[in-house]
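> If you want the building blocks of each chain, they are given just below.
Protein chains: 2
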Amino acid sequence: MLRISKMTDYATVLLARLAAAPDRQLTATQLAAQSHLAAPTVSKVLKQLHRRGLVSSTLGLRGGYRLARPAAEITAAQILDALEGPMALIECARATHQCSIESTCGVGRAWQRVNLAIRRSLQEITLVELAGLGGEPVRFAALERALRGGRAERT
Amino acid sequence: MLRISKMTDYATVLLARLAAAPDRQLTATQLAAQSHLAAPTVSKVLKQLHRRGLVSSTLGLRGGYRLARPAAEITAAQILDALEGPMALIECARATHQCSIESTCGVGRAWQRVNLAIRRSLQEITLVELAGLGGEPVRFAALERALRGGRAERT
DNA sequence: CCTATATAGGACTAGTTTAGTACTAGATTG
DNA sequence: CAATCTAGTACTAAACTAGTCCTATATAGG
Ligand code: FES
Ligand code: FES
Numbered sequence: 001m002l003r004i005s006k007m008t009d010y011a012t013v014l015l016a017r018l019a020a021a022p023d024r025q026l027t028a029t030q031l032a033a034q035s036h037l038a039a040p041t042v043s044k045v046l047k048q049l050h051r052r053g054l055v056s057s058t059l060g061l062r063g064g065y066r067l068a069r070p071a072a073e074i075t076a077a078q079i080l081d082a083l084e085g086p087m088a089l090i091e092c093a094r095a096t097h098q099c100s101i102e103s104t105c106g107v108g109r110a111w112q113r114v115n116l117a118i119r120r121s122l123q124e125i126t127l128v129e130l131a132g133l134g135g136e137p138v139r140f141a142a143l144e145r146a147l148r149g150g151r152a153e154r155t
Numbered sequence: 156m157l158r159i160s161k162m163t164d165y166a167t168v169l170l171a172r173l174a175a176a177p178d179r180q181l182t183a184t185q186l187a188a189q190s191h192l193a194a195p196t197v198s199k200v201l202k203q204l205h206r207r208g209l210v211s212s213t214l215g216l217r218g219g220y221r222l223a224r225p226a227a228e229i230t231a232a233q234i235l236d237a238l239e240g241p242m243a244l245i246e247c248a249r250a251t252h253q254c255s256i257e258s259t260c261g262v263g264r265a266w267q268r269v270n271l272a273i274r275r276s277l278q279e280i281t282l283v284e285l286a287g288l289g290g291e292p293v294r295f296a297a298l299e300r301a302l303r304g305g306r307a308e309r310t
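These protein sequence lines map, in sequence, to chains A and B. When we follow the working numbering, the leftmost residue of the first sequence carries the number 1, and every step to the right adds one. When we follow the working numbering, the leftmost residue of the second sequence carries the number 156, and every step to the right adds one.
Just so you know, these hints were derived from the structure itself, not from any lab. Don't take every hint at face value.
What the hints assert, rightly or not - Okay, the calculated bits of chain B under chain A, using three or more residues with CB under 8 Å as the criterion:
{"id": "1", "region": "164-173"}
{"id": "2", "region": "227-239"}
{"id": "3", "region": "274-280"}
Unchecked claim - No more than 20 Å apart at the CA atoms, straight line, and that leaves these computed lysine to aspartate or glutamate pairs for EDC-like:
{"id": "4", "chain 1": "B", "residue 1": "K202", "chain 2": "B", "residue 2": "D236"}
{"id": "5", "chain 1": "A", "residue 1": "K47", "chain 2": "A", "residue 2": "E124"}
{"id": "6", "chain 1": "B", "residue 1": "K161", "chain 2": "B", "residue 2": "E239"}
{"id": "7", "chain 1": "B", "residue 1": "K161", "chain 2": "A", "residue 2": "E84"}
{"id": "8", "chain 1": "A", "residue 1": "K44", "chain 2": "A", "residue 2": "D81"}
{"id": "9", "chain 1": "A", "residue 1": "K6", "chain 2": "B", "residue 2": "E228"}
Even for Gly, the Cβ is constructed at its ideal location relative to N, Cα and C.
Let the sequences and hints guide you as you build the complete structure.
Now the structure itself:
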């Protein structure tokens, strides 16, 4: 179904919260309350995000989390990678591709290009847009350009 | 990991085979042999493809499968839909979206747009390209347009 | 009419993945 | 030194996937 995991979804929500309060340090408990998510789950996701360098943390009393860098520098692709590892649409696209029928089918290569194209598109979407902080409605320039197919359209 | 299921991968391979022999009727066994896949699995996938109207079948002795319509009229999006149902990147994008935090998060909406954009891109990719039958290398016009970002690039 | 060859459909099982929870350890403040 | 945080890991339950198997039905040909 070409879906992302719930964890990744949660991660986006939490990152959006953090992006909305760039100067404050938020604890896992606070974020859980704000997001209406279970505390242990939130904690798990945040730990993962920390490990992948998307958030920075402070230990101890009065500790908490904050974004490791400005929201504009965090992309959808990075979030996906952090939670689910580098994406590969099909098995054959993985690192050690050992597809037995690769020589004859040629399909793998085609999917890989789809893969790459989607990935690059996701790299153009930042947390600012995902969090809806941009002031203007979310806008995926590249993808929309693709969809319009060159037709000029205003607003 | 944003991946498609093996079944969908198999489906693409099988459809590519059928596309390569548009005038012949191929049995599940023949396709299995050509693709180096297990016969029961191939059969299962073909049945699914038939149910979703991507291939037509002939029963009985000397029966078999063929494409229901020209390869150029079968898109990657249709194949994905056939095997996995309409794609929804996140839970909230599903038919009965009952996300408890939808009002406050806004993230769901953003992902939905990503979802839609990817989907439309997949609709521009036909089986001709996936099967590598086009003569020229696979070309995803819309997606590449998106990636170039308006920069002119030759070949 | 009977048999061999195909597809159609569904049920079933094993395996893998995901989601969620719990527990232990370490850091910081006051 | 006690309270409040995060860090890391391990574990369990549930969901999904992949693959197989069984039964029914349709067709061609002897
Ligand atoms: S299915 Fe792996 S390369 Fe074609
Ligand atoms: S997570 Fe469902 S709408 Fe935000």
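> Failing hints, ascending?
Structure breaks hints 5 and 9.
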